[in-house]
Structure formats: structure tokens, C-alpha cells
Amino acid sequence: MTDNVASNLTKPLRASPLGFRISLNLASVPVLAWLFLIVVLPNVLLIGVSFLKASGGVILLEPSLINYARIWNSAGFWVLLTRTLSFSFLGCVLATAIAFPLAFYVGRIARRYKTLLTVLVVLPLWISLLMRIFAWRIILGQSGVLNAALVSSGILDQPSDAFLYSPTAVVIVFAYISVPFIFISTMGAFEKIPRDLIEASQDSGATPIQTFLHLIWPLTRRNFAIGFSLAFLVTVGDFVTPAMIGGIDGTTLGVVVSTQFGFANNWPYGAAVAVALMISVALLLGTIITMLPTKGVMLSEEAEGTLPETNSSQRDTGRRLASIGVVASIFYLYAPLAIIVLFSFNSANLQIFPLQGLTLHWYQELLQDQSLLEAARRSVIVALCVVTMSVMLGTIFALIIHYARLKGARFFELAFALPIATPGVVLGIEMVLGTEIFSIPSGVARIVIGQMSFVMPVTMLLLLVRLRRLDPSLMEASLDLGANRWQSFIHVLFPMIRGTIIAGAFLGLTLSADDVMVTLFLSGGAPTLPIWVFNQLRFGFTPSVNAIFSLLLFACLLVVGFATWRTSARLVKAAA
Amino acid sequence: MGTSQTTVLSLEGVSKTYDGANKPALDDVSFAVRSGEFFSILGPSGSGKTTILRTVAGFEHPDRGAITMSGHAMNGVPPFKRDVRTVFQSYALFPHLTVRENVEYPLRMRGDAKSGRSAAAMEALSLVEMSGFADRLPHQLSGGQRQRAALARSIVSRPKLLLLDEPLAALDLRLRQQMQHTLVALQRELGIAFMYVTHDQGEALSMSDRVVVLNEGKIAQLATPREIYFAPNNEFVSRFVGRSNLIPVTFEAAGNGAVAHVENVVLPDLVASHCGAARMAIRYEAVRVSENVATPSPGTLHGTVEDVLFMGTSCEVNVRCGAINVIGLVPAAHNSSLEVGQPVQVNFDLQNTQVFYD
Chain A
1 MTDNVASNLT KPLRASPLGF RISLNLASVP VLAWLFLIVV LPNVLLIGVS
51 FLKASGGVIL LEPSLINYAR IWNSAGFWVL LTRTLSFSFL GCVLATAIAF
101 PLAFYVGRIA RRYKTLLTVL VVLPLWISLL MRIFAWRIIL GQSGVLNAAL
151 VSSGILDQPS DAFLYSPTAV VIVFAYISVP FIFISTMGAF EKIPRDLIEA
201 SQDSGATPIQ TFLHLIWPLT RRNFAIGFSL AFLVTVGDFV TPAMIGGIDG
251 TTLGVVVSTQ FGFANNWPYG AAVAVALMIS VALLLGTIIT MLPTKGVMLS
301 EEAEGTLPET NSSQRDTGRR LASIGVVASI FYLYAPLAII VLFSFNSANL
351 QIFPLQGLTL HWYQELLQDQ SLLEAARRSV IVALCVVTMS VMLGTIFALI
401 IHYARLKGAR FFELAFALPI ATPGVVLGIE MVLGTEIFSI PSGVARIVIG
451 QMSFVMPVTM LLLLVRLRRL DPSLMEASLD LGANRWQSFI HVLFPMIRGT
501 IIAGAFLGLT LSADDVMVTL FLSGGAPTLP IWVFNQLRFG FTPSVNAIFS
551 LLLFACLLVV GFATWRTSAR LVKAAA
Chain B
1001 MGTSQTTVLS LEGVSKTYDG ANKPALDDVS FAVRSGEFFS ILGPSGSGKT
1051 TILRTVAGFE HPDRGAITMS GHAMNGVPPF KRDVRTVFQS YALFPHLTVR
1101 ENVEYPLRMR GDAKSGRSAA AMEALSLVEM SGFADRLPHQ LSGGQRQRAA
1151 LARSIVSRPK LLLLDEPLAA LDLRLRQQMQ HTLVALQREL GIAFMYVTHD
1201 QGEALSMSDR VVVLNEGKIA QLATPREIYF APNNEFVSRF VGRSNLIPVT
1251 FEAAGNGAVA HVENVVLPDL VASHCGAARM AIRYEAVRVS ENVATPSPGT
1301 LHGTVEDVLF MGTSCEVNVR CGAINVIGLV PAAHNSSLEV GQPVQVNFDL
1351 QNTQVFYD
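The listed protein sequences correspond, in order, to chains A and B.
The C-terminal position of the first sequence is numbered 576 in the numbering used here, with every residue numbered one higher than the one before it.
The C-terminal position of the second sequence is numbered 1358 in the numbering used here, with every residue numbered one higher than the one before it.
You may find that some hints are simply not true.
Claimed, not checked - Keeping only pairs whose Cα atoms sit at most 30 Å apart, straight-line, the calculated DSSO-like set for lysine-lysine is:
| no. | chain 1 | residue 1 | chain 2 | residue 2 |
| --- | --- | --- | --- | --- |
| 1 | A | Lys295 | B | Lys1023 |
| 2 | B | Lys1081 | B | Lys1114 |
| 3 | B | Lys1081 | A | Lys192 |
| 4 | B | Lys1081 | A | Lys295 |
| 5 | B | Lys1023 | A | Lys114 |
| 6 | A | Lys53 | A | Lys192 |
| 7 | B | Lys1081 | B | Lys1160 |
| 8 | A | Lys407 | A | Lys295 |
| 9 | A | Lys295 | A | Lys114 |
Because the hints were derived from the structure by calculation, they are not lab data.
In isolation and in its complexed conformation, chain B is listed as follows:
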């Protein structure tokens, strides 16, 4: 969490429709980024995340709404006069310049003296552990090294806000995890606010202080990763973040309120104030699948295993219960012998379940 509460960037009612498009890319988007904060924008492709980033950087201009940075209106300011830097998805390293010259570039444009430039560039390179590659040209680097060089270039002038456009998308899994740690450490060390665009919920949840989830150009939810994960505001967020079953339920009157029925089985722990059809979102890890079919407890569904996916630390088990399918997570270390066609019991851990009425 940022130490100070001043905002470095705020968007108010920003809307943008591209020429020739009939749907808006951004529809009345408002949020603020605090200084020193790790802020993520999460959404599927086409949800408008990159448009936000390009609008903040100054490459696109909003049709409506105000963009303010540290109290100054930014709408008409060209990209090169904004105190933001972007890490491009393709890295956009200048092919004719060495790594050091690339990193020096923003300082050179600012008119810094040569000696100061070089020292600052080397310092930035050492922050990303690239000091040994300063004199190479971009095409002589591996993907991960290019990524680090691009990062060094964007932090060398210590902007107040750094925009990252899916910077890890082109890296392999191991490098991606490694870079996540690097990014978080770097952000803490520099105290620069990061605005991180990604479609990978894992990245967004693990690194961010706050996350905004976008859907079709609108904000679906803006909250901390925990809130997003455990208390999604709406069906879209619960579907997009984490891995959830969406199970049709009906609430029928019982006592003062209503209690949920799934496939004619009563879930006594899931109660609501009014009746009707709804869907309950329940994460895979909150679904318990057990081979013991002998002792049924209340709120238990019976079904048969349709398929099992081995995921490393756990297995995803797809169980057919009457007309619905429920996916549950069982630990892989457990010497389980779940097989396709095997009859099983399914229980729900209803603590973090969200219910959405139709």
C-alpha cells in the first residue's frame, strides 16, 4: 500500500469510441491511482485496458472525460510532455542503439549531460541486473533480458507513474514468475506508482495493491485483490477472476427467509432473504469431492467422475451431478484413486460463495 495518499493520476468519466467502431472502447471510466501504488487493470482482451493505458500515455485522446496527473489536466498534452513512462508489450527497444544508449535515451532527450546520463543508465541497469549487457544491441539479447532493458529505460528518469502493458506476456512461465518478484521488489524500492495492464488474473492478484476489473469498456469492480477474489461484485468478476463454478440454484421459502436448492438437494447453510432462481458462484477449491459415498451429510450431492485433469499440485475433478457439472479441486499429493466413472460425493464450502439473482 502506498505510504502517502496523494493521487498521481485520476480519470473522471473518460469515454472513447474508435473511428468506425460502434461500441465504445471506454465507457465512463473513473478511478484514481495513488502515489507509490501498484495498480492493476485486469480484463479480457477487448475490454479496453490497453485503451486506458494509451490514453494515459497520450497516444489516444478521450472523447469525453478528464485525465489529471498530480493536479494538472493532461487532455491536450502530447506524450513527450507527460511524466509517465511506458513499458511496451513488444519492449520497443530501439534496434540501432545499445542497451545503455536505449536506457540513456529519455535523459538525452531531456538534455542531460553525458556523464550524468551514463551513470544514471548504469544505475538503472544494475537495478534490473543488466549491468553486464550494457554494450549489447537489442537483437543480441534474450527475451527476458530485453524485458529488463525496457524496464530500465522506463525507470531511469524516475517518473511518478509507470505504465506496463502486459510486459510479461511474451515470457515463458519460469521467467514470468521470476519477473513478478523483480517487479514487486523494484516498485517497493523506487516508490513509483505502477499501472499494470494484464489479462492474467494471477499476475494482477499476486502483485497489486488494488485491481480494477474491466468489462466491455466499463469498470466491473475496483478493489483490493482479496476483495476481488473473495467478494466479487458481480457475475462477470466471479467468472473472470479465479476459477469458479456457476451453479443454478433456487431459493425456496423456509422459516423467515429462503434456503437454496441445487438439483433437489437442500443446502441448509445457504440462506437468503427472498425466493427465486439464482446462480451461486463457488470456487473450485471450495468444492470437496470425496470417494466415501456411504455416509451422506446434509447438503451433499451425488455424482460420477467425468474426467480428471492433473494440474501439478492438485487435480481438477469434473463431476456430473444430475443435470449439472461441478468441478472440484483435490490435492494431487493425496494418494487419490479417482477414476472416470467412479461414484463420488460433492460438498460445498459455502463461506465465500456469492449468489447472483437473475
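So here's chain A without its partners, still in its complex pose:
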């Protein structure tokens, strides 16, 4: 791979046309192969299958429009589509109400606790999605925490069953899932606004509200739209939440698609619904992004981030209000997780307060469950394979795209990112179709391929961003000082991108170990840990699930804590 990189480094673009064409082809072969096999083919298959017929679970190779006709004429589909889109939309709007002010506070006002707050808000992304959903079941259930609190405080006479299995519950959980996405994307934009622009606005006579409307919002709305879209895509593709929380009125198209690829076993119809869902989502998000345009290029690179202190008398009350808001948001994010950890030590079988007594019984039970241990072992194997291969391929691809200057690098990036942007349930069935056509059996092999489809792009895109930020003259300096390309890579480039590669590996690890949406369709009879837990939740619940979740949470905290400690240690070293 370095040979390809190297030959392109030596040959400027205007070298003999023949030489350029050859090296371009060599370098782009693996990139194009990946794009064809992992991105193009599954999408083509999905669209293709949606035009076929099924009879008794067998796909007939007869092109027809029967599935689309069925969708078009079905009142149920339109109700479900509206519901699906509005659940995600409302969830994201609710999340915006929390994440946007929070991002503003952390990005521009908080100084001392900035890093801590960022980590706290983003951390839930690393924590098992199942755990986060399940926690809300404990809170909202008929004998759940919320009901218990309402009854004991006398607001309700008896526990209500209105909280769980309702559309409201789905929206609340979607919002809960969406907060970190909207936060992280928006905070980046808030941080990047140079202080002097804000001062220039004040200096021009703009009140704080005018400054927000005419300066801050136009400069942050595009990032906000991206975060909003990301959260929307994640929730639209989430069929676990509606299935576990939503009840009958909370069903979404994601659930429909997953059942068509599950026990209903009508792949062509499921594919058609998926295609219809994708088109609707694309239209909606396209509109949102067009309505929130971005203009111009930020010129000054230095962004000092924080607003100058104001001496006004409102400052104290403002500060207090802001602090209360921040604490409430953090509480919203972590209270559900804390409840699960609490119940994992509770000796009673029911998830009700007050706790009965302390026990480690549920943890002991885990150790004796052979199928669980088997699933955990499988999860580790899958994660290791996925991360190793994704990191290697991601690094190679990023280097090729960056240094071989492939024509249309922008296009390649978008194409690679497509699986990340595909709603989970749709990506899942696409990978089923893609692996089915090569007769790859269900189980570890399929899972690894399926998970790589979204883990590899994440590691690659992270690295690509890093490579773009590097000063290109560093590599030139190394070459100028007599190091050859391989030496330059080892001694100059690699040390600079190592941190990013490791970060990508950690991210990939959690993405792989946590995935339900895609893996569920690929595992067959060989579940990974999250799938095993999901099956447990579906077919009856034991409190030992709390124990698993708690263990996963601790593992995740360890990894993130280690990573944060490493970065801060490096910062301290750099400062010294």
C-alpha cells in the first residue's frame, strides 16, 4: 500500500498521462472493490429484491410492482410512515431543546468543567443501547419507578399503565438517545466561532439576542442540522425501542421491516418498505438541511472559545440557572443507568423501590449461564476481528484517498459514509442480502462483515480528518531531510496519526460490541452478547440482565476513563 502511496507522491499530477493513469488505477482498486461489495451491491440488491415476489417464504424471480402497489394502497403503511417519522422528529426536537442550550453552555461559557461535561454528555453513546432503552422500561413500567413515585406521593391513586407501551414513551427514549448526537455536533460549531466575531457584533450595537440570531445561529445551524439528521437516522432505524417500549400504538416501520425479515419471512415486501422508508427519510432530511444553509468560510483559525466575562448583575442568576440546567440534563442522562446498577444488587425479583436487600446473586447467576458465556466469548471474537480489520483497512484507505489524490475524493467519502447514514434496520437487511448472495453462512463470518460495513468507515473518516489537518510541509520536510517514503511514514506520519488510529479502534470496539440493529439479522443461531440479552428481554426477564448491563457499563467506563486519562496525560506532557 505504501508503494501505491509512494508512487503517487513522486509523480505530480501533470506527469505523463500514462504513468498517472496506471498509478491511479492501482491505488483505487481496493477502494473501489470495497465500495462495490459493501456499499453498492447491497443497496442494488435491496432495491432489486423489492421488485420481486415472495410465496410462502420463497423469493420468486419474477419482477413486479406488487410490493409497491401493496404499500401504496395500504392505509396502515401511511399511518405507520407518519408515525415513524413523527416519533423520530419529535424525539429529535425534544433532544434539541436539551442539547442545544447545553452545547452552547459547554462550548462557550463553561471553562473549568468543559472537558468533563463533554465527556459526560457524550459518554452514553458508548454505553449499550439496549441498556439505555431497558432502563426506561424500568422507569416507565406499571410497577416502575415513576409509578411508584407518583403513587407514594399521592398524585396517583394506583399505578398507571399509560406510561409504558405508548407513543410518548418512544419519543422520550428517542430523545434520550438523540441528545449526545445533537450535542457533540453543535458544540463543535459553537467552539469554532472566534471570540472577535462575537465582540465585533456587540461592538456593532447588537444585543445578545440579536447576536445570537444574526451571527451565532447562522454559523451553527448547519452543524446542528447534521447532528439532528444523524440522531434522526439512528432513531428511525431503531426497531428495538418501539418493540420494547412502544406497544401496539408505538410500532414503527422499522419493526415492520424487521418482522418481514424475521418470522413473517417476506423479504421482497420488507425490502420495499425499507426502500420507501429510505426515500421518505431522505426527502425529510434533505429539506431540513436545505432549510438550514451555510454560507462563507470561517477565516480566522484561532478560536478562543469562551466569552469574555460580563460584570452585569444578572450574571449570578444567569449562572445559577445555567448550572441548574446542566445538572438537570446530566441527571436525565445518567439517572436511568444508575437505576439499573442499583437493581442489579437488589435481592427482590421485581424492579420496584424500595430495594429489598443487597445481593450478588444475579452476578453469580451470570457465571453459571453457559449460553451467556458462549455469547460473550463470541462477542469478543467478533469485536477483535472487526476492529483489527477495520483499523487496517481504514488506515490504508484513508492514506490512499488522501495521498493518491483520487479524483472525486469527496464522492468517495460520501459513498463510504453511506452505511453509517443508513438506518440500522435497513443496513441490517442489506447486509443479509449481500452475504446471502455469496452464500456466506449466518454466524460469526456474517456478523464480522456486517459490522465492518459501518465500523471501517468510522475509523477511516476519523483518520481522513486528521490527515487533512496535518501540515503537509512536515512530510515534505522529512523527504527533504533525506528520509525515504517508508522512513517518513514510520518516523513522521505514523507518530502523528497513531492517536487517531487508536481512538478509531476504541470507537470501533464499542460500536461492534454494542450493535443490535445490524447483528440481529446476521447472527442466526449464534448470538453475540447484546443479541443474547435482547432475546432474554423478549422471552422473559430475569434481574440478571441488570447485572450484565452493569458489567458492560463498568467495562465501558474503564475504556473511556483510560482513553481520557491517556489524552490528558499527553496534554500535561506536552504542556511541560
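Using the hints provided, position chain B relative to the given structure of chain A.
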């Protein structure tokens, strides 16, 4: 010089220490800016010039002292309610707005009608010769054009006082000189008081009506450029402004007063009232270096050339005279053949020399 003598801004005993700093950024600073005046604040980096500017604009708040504008106390007034505009060093053009929209911004914030806004913006742009670029976005402009756009934005609402924070620092030499002329012409035309912050003494001296020199948060001298240049109050100013030699001298009793000795040579023209060690500040251009070593006159030092720097219109010649080095300026057009190691004579033009006792 301003036509009227009303003050637009006055600072009285303003002090400011930043959180965590042990030295004050501003220490009891008082001065007044008259309306229509070109007022410069000159000082090395860290001397507190930017702090003054940010305090006047309202981005920083003084610990002590009063800031008054046109008779109104300004201490608690937020930046957007002050009738001052700032030209930022980084220009701070809003990246998502066109040049015209940038210039309209202050008027829009004030709630002006659209038509009036547009006309005023175009007028301001034509004042800085930027009419042709009204519909561009900031990133499509060159550095000099951005500078002009930022200037137009800050004058469009005709404030009484314009603050300029090293606005020319990022421009190349030719553009910088061109912009100096533009700024002076603009200031005369608009009659707005300019408060110009710079570390470049050339800019301060060439454009200003009055200059305040700052050192470590204190005012070192406040005077006209000529006074600052020819009659610096103290050693700091003479060292910072212009290019001066600081030569150790001793005054020894002679007649009624005392006369200066440099390296055991008597300078009969430099007399003082009392004896002792001192330093004399003498500008490079007041040092004459001649190749003719044959006919010594009184007050002449002998030395050898250590190095010669070609500066364009002149050469700086560094001469070693015994234990001291003296730098003199000789015209470059002069077909001089000064070479390193050559013996020369050094004379002083003592007319504008300042003496500072230890």
C-alpha cells in the same frame, strides 16, 4: 489637530489586573481624547495598549477608575450600547455575510430601514474604494480588501470614536503604507476621533495628532509625535521611539557647571548643571561617521567599523570606539566605501540629545 476641543473620551485613574496575573495590565491610566483627533497608543507587546482599547470598547471592565464618553460614565454600559466602533486586528468579518451585509450589520442592529441601510453601506464602501466588492463573501477577498471592508463596517454608523487595534499588522509593507494614507484621509474627511493602537512607532508618529507611549501599564509620555521623537521624557521612550544609541557619559566639573566625557573624550557642547554618571540618548541620524581621520575636531571619537547594514536610503554603520559601540546613519546614495575594519571618526549632532542621570 481637532477643530473643536470637546473631549469624546476620558479615562481617569483606570487600573486593571487580570485574574491570575500578578502585575497590573493597566496602572492608574488617565488621558482624554478630543473630538476629531487622531490619537495613538504606542507601546511594546504586553504594555497594556490592547487592554485600554478593550476597556473603552466595553469588553473588559476596569478594577478602578472612570471611563467617560461625551460626559457620560461608561463603566457599567455593555459594548453594544456604546457609541464606539472597533476595527479588529483580525478584521472579524462575519464569514456568512457578504461585504455589503457586513457593512449593513450595525445599521440593521439599530433597526434602520432596508433602503437607507443599503445606501449608507454603499457610501461607506465607496469611501474605502470597495464598491466593486459589495457582493463578495469575506473569504473571497484579499487581506487588504478585508481590511477596507472592516473599516467600512466600523465607520458606517458614524460613531464619535473609532478604535483601531493594530489594523495594519497583517498587511505587507506596500499595503501598509498605502493604508496609512487612506486612514489619515478618511479621518480628516469624517471628523471621527480615531484611537489607534500599535507597536509600530512609524505608524504612530506619521499619522497621529497625539501619541501616548505605554510601558508596563503606565503612561510613559503623552505628547505630539514631534515632542515624543525629539524630546522624550525618559529613557524608555527614547529607547522605544526612533532608533537611538544610549551612550554612557560622565559629567565632570568645568567652569560653572559640568561637561560630558565619553570614553575620555570631552564633548564641549554637552553641558549640564551637575556632575555624575548618566547616559545620553542620541539618534542614529545624529551620529556622523566620516572616513576622514586626519583632521580631528573637538568632541570626536575614533573607532573602527564593525559592520554595515544597507537599509535602502541609508546605511547603518556600527562603529567600535574603545569600550562602546556607536551606530550612525550615512546616506546610501553617497558613494561611500565604508568597509568592515576601516578606521573612522565619529561626531555627534547634540541638538536633540537627551541626557538621563542614573
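Hints the structure fails to honour: Hints 1 and 6 not satisfied by this model.
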